[in-house]
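Undergrad: Going line by line, the protein sequences match chains A and B.
If you read the first sequence in this note's numbering, its first letter stands for residue 131, the second for the next number, and so on.
If you read the second sequence in this note's numbering, its first letter stands for residue 131, the second for the next number, and so on.
Hint data in this document are derived by calculation from the structure and do not stem from the laboratory.
Just so you know, not all the hints are guaranteed correct.
The list cannot tell twin chains apart, which means a pair is met if one copy fits it or any two copies do.
Said to hold, decoys possible - DMTMM-like mimics (lysine to aspartate or glutamate), calculated; alpha carbons at most 25 Å apart, straight line:
#	residue 1	residue 2
1	Lys202	Glu281
2	Lys205	Glu248
3	Lys202	Glu298
4	Lys258	Glu298
The lines below spell out each chain.
Number of protein chains: 2
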Amino acid sequence: MNAEIVPHPTIELLQTSSLVNVVHGELERMILSGQLAPGAKLTELTLAAKLGVSRGPLREAFRLLEEAGLVKIAKNRGVFVRDIPVEEAVEIFDLRAAMDELVGRRLAENISGAQLKEIRGMVDAMEKAVKDNDAYHYHLLNLKFHDRLVELAGNSKLTEIYRKLIKELSLFRRLNLEDGWLMPVSASEHRSIVKAIATGDPDAAGKAMFDHVMDSKTRTIEHNLRRGTALPDALPVASLIRSSTNTRTKSDAGKSKTIA
Amino acid sequence: MNAEIVPHPTIELLQTSSLVNVVHGELERMILSGQLAPGAKLTELTLAAKLGVSRGPLREAFRLLEEAGLVKIAKNRGVFVRDIPVEEAVEIFDLRAAMDELVGRRLAENISGAQLKEIRGMVDAMEKAVKDNDAYHYHLLNLKFHDRLVELAGNSKLTEIYRKLIKELSLFRRLNLEDGWLMPVSASEHRSIVKAIATGDPDAAGKAMFDHVMDSKTRTIEHNLRRGTALPDALPVASLIRSSTNTRTKSDAGKSKTIA
DNA sequence: TTTTTGCCGATTGTAGACAATCTGATCGCT
DNA sequence: AGCGATCAGATTGTCTACAATCGGCAAAAA
Chain A
131 MNAEIVPHPT
141 IELLQTSSLV
151 NVVHGELERM
161 ILSGQLAPGA
171 KLTELTLAAK
181 LGVSRGPLRE
191 AFRLLEEAGL
201 VKIAKNRGVF
211 VRDIPVEEAV
221 EIFDLRAAMD
231 ELVGRRLAEN
241 ISGAQLKEIR
251 GMVDAMEKAV
261 KDNDAYHYHL
271 LNLKFHDRLV
281 ELAGNSKLTE
291 IYRKLIKELS
301 LFRRLNLEDG
311 WLMPVSASEH
321 RSIVKAIATG
331 DPDAAGKAMF
341 DHVMDSKTRT
351 IEHNLRRGTA
361 LPDALPVASL
371 IRSSTNTRTK
381 SDAGKSKTIA
Chain B
131 MNAEIVPHPT
141 IELLQTSSLV
151 NVVHGELERM
161 ILSGQLAPGA
171 KLTELTLAAK
181 LGVSRGPLRE
191 AFRLLEEAGL
201 VKIAKNRGVF
211 VRDIPVEEAV
221 EIFDLRAAMD
231 ELVGRRLAEN
241 ISGAQLKEIR
251 GMVDAMEKAV
261 KDNDAYHYHL
271 LNLKFHDRLV
281 ELAGNSKLTE
291 IYRKLIKELS
301 LFRRLNLEDG
311 WLMPVSASEH
321 RSIVKAIATG
331 DPDAAGKAMF
341 DHVMDSKTRT
351 IEHNLRRGTA
361 LPDALPVASL
371 IRSSTNTRTK
381 SDAGKSKTIA
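Please build the complete structure, drawing on both the sequences and the hints.
TA: Shown next, in the form of structure tokens:
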């Protein structure tokens with residue numbers, strides 16, 4: 131009896147990776163890195179040639195990306211990288227806030243000493259990035275920090291959906307280039323989060339996470355509006371940020387003109 | 131200039147629905163209705179013949195279903211309807227609870243009179259089903275009730291993910307056949323939810339929703355355990371129900387033997 | 001000049017063919 | 001009889017070919 135069923139890495143690789151998987155991963159990478167920008171058209175023949183595969187696997191990968199919300203397939207017209215409209219970004223932030231509140235609660239209840247030490251280290255690193263004024267590095271650490279927190283909450287479904295949302299959100303305008311002129315605020319909020327978790331108070335930790343995400347929402351949305359990005363339809367700016375998740379009258383759902 | 135661009139229904143249909151879409155919808159229907167039970171193998175050639183299409187569109191539909199979590203594609207072995215293990219069902223309930231708490235909050239803040247009247251009507255209908263001891267009808271009304279609440283919260287992303295979770299959850303063992311021996315409890319909780327929403331107190335409404343989902347989790351899990359469904363690995367039953375979303379030690383993630 | 005109509009290239013939708021892989025059954029050996 | 005190797009059938013992975021649709025350009029009409 132094998133103590134552990136650990137197939138050779140190469141075996142594992144061949145068993146799991148079909149062309150569809152590889153193409154899917156590669157396309158996702160290209161999209162998330164901005165190499166394929168929102169709105170870009172993905173022509174089957176061109177991409178197939180570039181990746182060295184036929185159209186079949188490529189189309190299957192497209193379907194995966196479509197369900198993941200990264201591309202939009204328009205019948206007989208082509209596949210396009212999605213452009214996330216502001217309203218949707220706001221919705222994602224609100225949803226994330228609720229999810230992260232759950233994360234904070236669970237962590238306050240269950241986190242171990244070693245794990246606490248680990249995330250403290252991440253906050254330290256972020257504060258160092260702030261001192262160095264290294265916005266890019268800070269951005270990466272920030273992503274990693276939140277991802278790790280969600281992961282530590284121990285709900286894999288939650289993790290899965292959280293990551294899906296983050297991916298979609300990265301398609302929101304030029305969010306990636308977020309200039310770090312508010313890094314100190316964000317960093318100090320992180321410190322507060324860890325402190326609340328360490329205290330073991332679920333309510334406090336949940337609230338700290340929730341508030342942080344909502345603040346992050348405000349910062350991101352305002353930053354994007356300020357960039358002079360012509361708004362879809364000249365919406366009431368402040369109200370957008372205030373209460374995103376509110377009831378709508380029946381017929382103003384599919385009004386945005388961006389590819390959604 | 132056309133006052134309203136209202137394409138003929140048939141036109142609209144042809145523009146949006148490709149074989150992939152139709153097949154996807156049909157397969158989803160068959161899976162959710164139980165016509166294709168969890169664990170069932172979906173053979174490409176057979177299904178293609180049955181549906182009258184070639185393998186191409188069918189495979190693309192498979193990819194959509196895979197990303198939606200309804201089937202599992204095993205390379206070189208086939209496509210199988212997923213079987214949701216208990217642990218995952220628990221995770222989904224916990225996640226749903228957090229989302230529904232958000233729903234309750236938003237509804238307490240924003241619901242209109244007409245909408246309140248609408249959901250009151252649904253609760254009335256459910257209480258009638260309880261009196262008639264009509265478990266099936268109650269089940270449908272219950273689904274509709276919660277779906278409508280989420281919809282009314284006005285966050286389309288939230289709605290989308292909620293529905294995805296519900297679909298996956300319907301694959302959990304024989305959840306559909308939930309005998310209604312606890313309908314009265316569930317029904318009275320619904321009444322409380324509506325009451326809390328009507329009061330306009332976000333905290334109360336959020337808590338009512340959260341508690342209801344968690345109670346529903348307990349009822350469902352216990353009901354399924356009781357059914358003599360041999361447990362995957364003889365887990366600590368009570369602890370499963372208690373705190374699902376907790377931290378796990380490193381290597382007990384992919385341990386279930388069901389197709390996941 | 002402006003608008004409309006018909007055509008053509010380009011691209012996507014679908015189908016079918018071929019190659020690779022897996023499953024399980026039969027045969028042979030110990 | 002038990003165990004393992006080999007082979008055949010079935011099924012999936014990938015590619016190529018054909019049909020349908022779209023978008024734009026040019027020519028003709030107003």
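Undergrad: Would you mind marking each hint as holding or not holding in the structure?
TA: Do the hints match the structure? See the list:
1. Lys202 to Glu281: between (29 Å within a copy, 23 Å between copies)
2. Lys205 to Glu248: Close neither inside one copy (48 Å) nor across copies (37 Å); limit 25 Å.
3. Lys202 to Glu298: both (12 Å within a copy, 23 Å between copies)
4. Lys258 to Glu298: neither (28 Å within a copy, 43 Å between copies)
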